[in-house]
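Student: If you want the building blocks of each chain, they are given just below.
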Amino acid sequence: QSALTQPASVSGSPGRSITISCTGTSNDVGVYNYVSWYQQHPGKAPKLMIYDVNKRPSGVSNRFSGSKSGNTASLTISGLQAEDEADYYCSSYTSSSTLVFGGGTKLTVL
Amino acid sequence: QVQLVQSGPEVKKPGASVKVSCKASGYTFTSYGITWVRQAPGQGLEWMGWISAYNGNTNYAQNLQGRLTMTTDTSTSTAYMELRSLTSDDTAVYSCAKGGSGWLHAGLDVWGQGTTVTVSS
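Chains as they are written, first to last, in the working numbering: chain A, 50 to 159; chain B, 10 to 130.
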């Protein structure tokens with residue numbers, strides 16, 4: 050199972066919005082609404098930000114939103130803040146009854 | 010509060026095995042699955058596998074089949090991950106994570122602190 054494809058890096062200025070893409074195939078992202086997004090600060094455990102494509106766990110800011118179109122899922126962060134600077138990973142359930150992660154995207158807040 | 014506490018760091022020689030524990034508290038252990046994820050130094054997250062704490066059913070990543078065993082002890086609410094025939098490529102931080110439901114596809118809402126496994130001769 051190949052990793053989902055994410056851009057290596059994205060950047061944005063405070064207060065602006067950014068979107069991170071996550072491209073899979075018709076065996077994972079394209080066929081299941083089981084995409085999750087995780088935020089990971091250096092040396093810390095990942096934190097669940099979005100699950101089931103567009104659902105936010107309790108306590109996660111509504112500045113974070115998820116969507117999907119075809120084989121590509123997206124995470125949008127609006128009103129960028131310095132604390133949003135981190136690595137972001139997507140994951141998807143697959144037709145092989147496994148999970149697959151994306152390669153990760155480093156977000157820099159300028 | 011809900012938490013997962015993992016065992017301490019390990020240093021192993023090539024060819025050896027490692028067994029990492031993950032003790033759960035603050036929730037009904039058998040109602041959720043446990044996923045194991047590893048992260049090599051400077052690399053991304055890699056899904057290793059999942060175990061249902063309800064019935065012990067497992068799903069493993071294809072590249073680890075034959076070397077990986079996941080188990081649970083419901084009497085102590087503890088999950089275990091054993092990886093055999095270690096090589097230097099297995100050097101990584103190994104983490105357990107609780108699913109948001111009993112299904113494999115559930116988002117991972119609580120993570121352990123991670124266990125560093127170093128494989129070196």
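In case anyone wonders, no lab produced these hints; they're calculated from the structure. Backbone N, C-alpha and C fix where the C-beta goes; we use that ideal spot for every residue, glycine too. Check before you lean on any hint, since a few could be wrong.
Stated by the list, open to error - With beta-carbon atoms standing in for the labels, derived distance ranges:
hint : chain 1 : residue 1 : chain 2 : residue 2 : range
1    : B       : Q74       : A       : S118      : 18 to 24 Å
2    : B       : K28       : A       : L159      : 30 to 36 Å
3    : B       : G111      : A       : A57       : 33 to 39 Å
4    : A       : K104      : B       : G51       : 27 to 33 Å
5    : A       : K155      : B       : S26       : 43 to 49 Å
6    : A       : G92       : B       : Y63       : 45 to 51 Å
7    : A       : H90       : B       : G65       : 29 to 35 Å
8    : A       : V109      : B       : G17       : 29 to 35 Å
Student: Against this structure, judge whether each hint is valid.
Tutor: Hints versus structure:
no.: 1; hint: B:Q74 x A:S118: 18 to 24 Å; result: violated, 33 Å
no.: 2; hint: B:K28 x A:L159: 30 to 36 Å; result: violated, 45 Å
no.: 3; hint: B:G111 x A:A57: 33 to 39 Å; result: holds, 35 Å
no.: 4; hint: A:K104 x B:G51: 27 to 33 Å; result: holds, 31 Å
no.: 5; hint: A:K155 x B:S26: 43 to 49 Å; result: violated, 34 Å
no.: 6; hint: A:G92 x B:Y63: 45 to 51 Å; result: violated, 33 Å
no.: 7; hint: A:H90 x B:G65: 29 to 35 Å; result: holds, 34 Å
no.: 8; hint: A:V109 x B:G17: 29 to 35 Å; result: holds, 30 Å
Checked against the numbered hints above, the structure breaks hints 1, 2, 5, 6 and satisfies the rest.
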